[in-house]
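Chemist: So the sequences go chain by chain: A and B.
Under the numbering used here, read the first sequence as residues 1 to 98, first letter to last.
Under the numbering used here, read the second sequence as residues 1001 to 1360, first letter to last.
Hint data in this document are derived by calculation from the structure and do not stem from the laboratory.
Each residue gets a CB set at the ideal place from its N, CA and C atoms; glycine is no exception.
Among these hints, one or two may not hold up.
[Unchecked claim] Label-pair restraints from in silico Cβ distances:
| hint | chain 1 | residue 1 | chain 2 | residue 2 | range |
| --- | --- | --- | --- | --- | --- |
| 1 | B | 1053 | A | 63 | 14 to 24 Å |
| 2 | A | 42 | B | 1192 | 44 to 54 Å |
| 3 | B | 1193 | A | 42 | 46 to 56 Å |
| 4 | A | 45 | B | 1096 | 57 to 67 Å |
| 5 | B | 1220 | A | 45 | 36 to 46 Å |
| 6 | B | 1270 | A | 63 | 17 to 27 Å |
| 7 | B | 1041 | A | 63 | 33 to 43 Å |
| 8 | A | 63 | B | 1095 | 33 to 43 Å |
| 9 | A | 57 | B | 1314 | 15 to 25 Å |
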Amino acid sequence: MKRQFAILAGILILVTALWAAGPKNNEGSASTVIVSNTHDSAEMRLEGEKRFRANCGRCHAAPHKFQPRMMATIVRHMRVRATITDEDMHLVLYYMTQ
Amino acid sequence: MQRIPQSEVGRASHLALHFLGCVVFVVSIFPVAPAQTTDNERPVPILTGNAGYFTTYDNGTNELVPEAIPVLLVPLGDKWLVEARAEFYGGFDSSKGQPYTGEVHKDLDYLQADYIANRYLTVTAGRFLTPFGIYNERLYPIWIRDLNQVPLIFPIESGSSDGVMARGGFPVSSWASLNYATYFSTLTTNATLDAGRVFGTRTGIFFNRPRIEIGSSWRKELMDERHNAYGLHFAWQPPPIPLNLRAEYARSEYGSGYWIEGAYRLSQVSVLNQVMRRTEFVGRMQQYFSGAEKLADEGGKYSLPHGDTQQPDFGLNYYLKDGLKASASYARWLGKHNWNTWTYGIAWRFAMPLGRAGGQ
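Next up, chain B with everything else stripped away, as it sits in the complex:
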């Protein structure tokens, strides 16, 4: 990361203050809906998250990845939520019969305070997941993602930001609702809270009846070369069939690419329905086109391919019970060199109250 002149840092602080001032102004002018909760409905702090264990056989290397991703949710009053997510994961690999070597990593994905100002606006401050596309914010948890391998373009949209964000969702008619997130992040060079100085926004529109969501993202770096990044996302769950279609496109100075994924749950198959309704087939196609600049490989969990690449993926998920999923997948990397990647493992989602949870 390049050094930033002191004057630039000062200007960024001014911008952040302006932004924060405007957010406070926005919050103060909107009416707050009255509280509707009874004691039995009052939110309780929760420790939730997911844990998993995956094995990947990738181009002659066997990798074992145990993961634990706890999420802490602390509601305060009727309008506040403090939430945090940490990520602990190991990467132990062995090639050609050698002993396994590796280490355990830890990340702080987010630590944020959310203030639900009104029906249209939630203000977030702290460290938050960068709202770019849908994968980073919504699909990343291992119990949610349909394929354990993240998309090739994921490093373009991944990461966290440190600053303030305004977001919300509201109906624009009886058949559609709009969602938005706009944010400012300040430069942080601390290893745990690492973030760039960026400004960005994401908007999406969801059509209720056909269950289609389309949206776009934009991010502007306010440092270094002041690059822009753009993204498009699409999701469709056709109501009559248990099919989930999703797609994303992202473009940055490092390159561009897309992925299209379909996941089909066999719940409509009548033969062996007890088994079939827990089974899901997944297919994904993705391509990446290398750009003018190379993203420095800083030893992080994810990195972009070093050249033009395409990769078809196929997967099979079996939902053993609520929150417990076994999965297996195959991918064929087609780039400068070609190889197969096999992954299999198990993911578990947990949730426990940190206080009296109320009866049903």
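Only chain A is shown next, with the shape it has when bound in the complex:
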């Protein structure tokens, strides 16, 4: 019984933390914000490359670019596997498909 309470308490703490860290308004995804605020696509590519090197380069050498629909799957897989952030995922996808 104690263990159940401990697990439930842990999950509730997690929920609370996520709720507190959640978006404060009905904004779209991070990439939407970035796309709308960053008119210079070169700048976005640069930022995407930076995120790519920081996130993907932590584990493996930089692969060549894949076709866009393949890249979308790979980035989704890596988002789960490497727990990269939503913003990083969108920027890396942008960089890898340009």
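We have chain A; now place chain B onto it with these hints.
Modeler: Frame of chain A, contents of chain B only:
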């Protein structure tokens, strides 16, 4: 593996249901970001993975290890991903000029459904790689690992779990992001889906500018002796130089140990740059301290040393082209007996779309 009383199994099922209920609750209360994909960006199913062939000369025994590790990725809609990885490997050895003998093994590493609930949470159900440390989840594939031999402490953190997991990563400030994974696994005694009843969590924080990640793991067995296992991990890629530093520490009832590894790519060497930028030197030091209990050697691919051991490793990787790597390494096992281990081989990463992949 010890028999579990029926009452314990029932209690575990209750726990799993509670956990699953909470996960569903978590998923339902968070807003879902709108879809942003066009047809040309819509994810396509992929068959990827890696294959390799390695030869190891270890304490008088020559071992040939062909491996094929296919990974299937099937995205469904904007929020779902079904992924699976199987492992087929042979172990054929010969000592003192005798003929090679051995067999081919197969494992199902993971078969999971991921639901990306929102920016902060992904829910996974099925069989998944146990998130303990970083090696098992991130560095294990043969085209990724810098040294073909896995660390001595790898059996502490390796393996798969059957159950549910909540995980994600999100920025906590402009200079750092947090990642987490927490899971519950139920007991499965089926040979293909073998898993223990455990609860565990892993958290890490990544500092963007210095490119440093530090994190910790904890796993609690909910069966047998209800042991705990702890782990720490560290990774650093100093931005100005092509150096990759990683380290892990793990402690369980079987023992404890650490490894520290550095991999340096010679891309900044101007002489023979075409060759040098494809070349990587690797060094690793590791120690293992045997614990009170011995991990039963069940004939699996990896097992812990039977006594206190230390092992320096040195390796050389040459990246022939994207996804194709030739490697050679030397290790000196320093335990109750000492010996040398030489390994050389080749690893290949492949990826192919199972449908129209879109143009560049």
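Chemist: Run every hint past the structure and note whether it holds.
Modeler: Now for the hints, and whether the structure bears them out:
The beta-carbon spacing between residue 1053(B) and residue 63(A), approximately 21 Å, falls within the hinted interval of 14 to 24 Å. Remark: the range hint 44 to 54 Å for residue 42(A) to residue 1192(B) is upheld by a beta-carbon distance near 50 Å. A hinted range of 46 to 56 Å holds for the C-beta pair residue 1193(B) and residue 42(A), which are about 49 Å apart. Checked against the given bound of 57 to 67 Å, the beta carbons of residue 45(A) and residue 1096(B), roughly 58 Å apart, stay inside it.
Distance hint check for residue 1220(B) and residue 45(A): the Cβ-Cβ separation is about 45 Å, which falls inside the suggested range of 36 to 46 Å. At roughly 25 Å, the beta carbons of residue 1270(B) and residue 63(A) sit within the given window of 17 to 27 Å. With their beta carbons about 18 Å apart, residue 1041(B) and residue 63(A) fall outside the hinted range of 33 to 43 Å. For residue 63(A) and residue 1095(B), the Cβ-Cβ distance of about 39 Å falls inside the hinted range of 33 to 43 Å, so the restraint holds.
With their beta carbons about 22 Å apart, residue 57(A) and residue 1314(B) fall inside the hinted range of 15 to 25 Å.
The structure shown violates just one earlier hint, number 7.
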